[in-house]
Each structure stands twice: as structure tokens, then as C-alpha cells.
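Got chain G; can you put chain E on it based on the hints?
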Amino acid sequence: MAAGLRAVRRWGLVAAPPPPSLAFTRSAFVVKKANNAQPNWLRVGLAFGTSAALWALLIKQHNEDVTEYERRKARAHQCRQCS
Amino acid sequence: MVFLPDESRSLPPPPLLNKGSVWLGFAGWMSALLDNAFNHRPVFGAGIHRQVLLATLGCVVGYHLVKRAEYVHAKVDRELCEYIRHHPEDFRRSTGKKRIGQLLEDFQPVR
Numbered sequence: 002m003a004a005g006l007r008a009v010r011r012w013g014l015v016a017a018p019p020p021p022s023l024a025f026t027r028s029a030f031v032v033k034k035a036n037n038a039q040p041n042w043l044r045v046g047l048a049f050g051t052s053a054a055l056w057a058l059l060i061k062q063h064n065e066d067v068t069e070y071e072r073r074k075a076r077a078h079q080c081r082q083c084s
Numbered sequence: 002m003v004f005l006p007d008e009s010r011s012l013p014p015p016p017l018l019n020k021g022s023v024w025l026g027f028a029g030w031m032s033a034l035l036d037n038a039f040n041h042r043p044v045f046g047a048g049i050h051r052q053v054l055l056a057t058l059g060c061v062v063g064y065h066l067v068k069r070a071e072y073v074h075a076k077v078d079r080e081l082c083e084y085i086r087h088h089p090e091d092f093r094r095s096t097g098k099k100r101i102g103q104l105l106e107d108f109q110p111v112r
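Line by line, the protein sequences give chains G and E.
Position 67 of the first sequence, counted from 1, bears residue number 68 in this note's numbering, the numbering being contiguous throughout.
Position 18 of the second sequence, counted from 1, bears residue number 19 in this note's numbering, the numbering being contiguous throughout.
In isolation and in its complexed conformation, chain G is listed as follows (with noise of 0.2 Å):
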């Protein structure tokens, strides 16, 4: 999936000749090789960035659905009118 991205993005950046008109293909001819010893910064901070943020929607929705069970329970013994 990253190399197939990667590919996509590298037909962008580079002024290559035109890609056959195959979306996501891995042809030998158009791609280049990867090179893993220097890491594209900006996609390792889109990464982090992105865990971070899809985190803290989780924790705030798991604490909003918590908030409003109690609420709703709070809410069904007042009307009964229970202990």
C-alpha cells in the first residue's frame, strides 16, 4: 500500500515522461527504486500527527459516550423516582 502510494507520489514529483495511463500499477518502467536511507520527513510527521490526533478523538469520544450513559442513567432513576 506505502510503496503503491509512494510510487503515485513520485510520477507527481518528478518530471518523468507521462505513466502509462494504469492507476496504481508497479511497472519496473516507471517506478524508481525506494530509497529507505533518507526518510521523507514530511510524511513521517503527517503520520505521527495524524496517531495523534485520531488518539485524542478517541479518548474524547470514549469519555463523551461515558458522560452521556451517566447522564442517561442519572436521567432514567430520577424519573422512577428510586433510590
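No wet-lab data here; the hints were simulated from the structure.
Quick reminder that beta carbons are idealized off the backbone N, C-alpha and C, glycines included.
Treat each hint with caution, since some may be false.
Said to hold, decoys possible - The calculated DSS-like cross-link candidates involving lysine-lysine, where the alpha carbons are at most 27 Å apart (straight line), are:
#: 1; chain 1: E; residue 1: LYS20; chain 2: G; residue 2: LYS61
#: 2; chain 1: G; residue 1: LYS74; chain 2: E; residue 2: LYS20
#: 3; chain 1: E; residue 1: LYS76; chain 2: G; residue 2: LYS74
#: 4; chain 1: G; residue 1: LYS74; chain 2: G; residue 2: LYS61
What the hints assert, rightly or not - These stretches of chain E come out as covered by chain G in the derived footprint (C-beta under 8 Å, 3 or more residues):
#: 5; region: 77-87
#: 6; region: 90-104
Just chain E, lined up with the frame of chain G:
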């Protein structure tokens, strides 16, 4: 069809790390490790950002799937209990119910 209807919020929410979110988070992490293996990178040490992102995605998807599953189970249970409540004649406990001790013969130890 709504993924999580409003009445699902009346149910107690599952814990943040439940069986669904842990399992799918683990599956996301494994898929990042597999991607490393298929691209001839060091399996554990490479692409930490990828591993973290895919594990996080797995946890998020797992949490919401477990919420939906608990809602569906609670809905089925409610409909079942309502049916039992509306049809008591079909669920009457028979008075002549025998206990298992009455059906079996007495135990005679053979020594």
C-alpha cells in the same frame, strides 16, 4: 442506516481497550510489519510512523465496531425479553419439573 443510533448511547460504553480494538490494533500493527517484510526493510525497526498509524487506525475502527456489536446484541436481547413478557403462556415453568437426582438411580459403590 445509521452506524450507531442515538439509543446506543444509553448503553454503557465498552472500555477503550476492549477485545475488538486491541485485536484490530494488533492486526494493523502486523500489516505494517508485513509491509516492511515485503519491501525488504528491517521488520520491527523501520517505518515506526507507519506502525503507529496503522495500529491507531485499527484501535479506532475496533472500538466503533465493538460499540455497534454491543448495540445490536442489546437490541436483540430487548426484543427477546419483550417477546417473553408478551407471551407468558409459552414460557410457563412446568410445575412437575424433576431434578436430576430423582431421575438417576442411587449410587452403589462397588469395592
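> Which numbered hints turn out to be false for this structure?
Replying inline: The structure conflicts with hints 5, 6, although it agrees with all the remaining ones.
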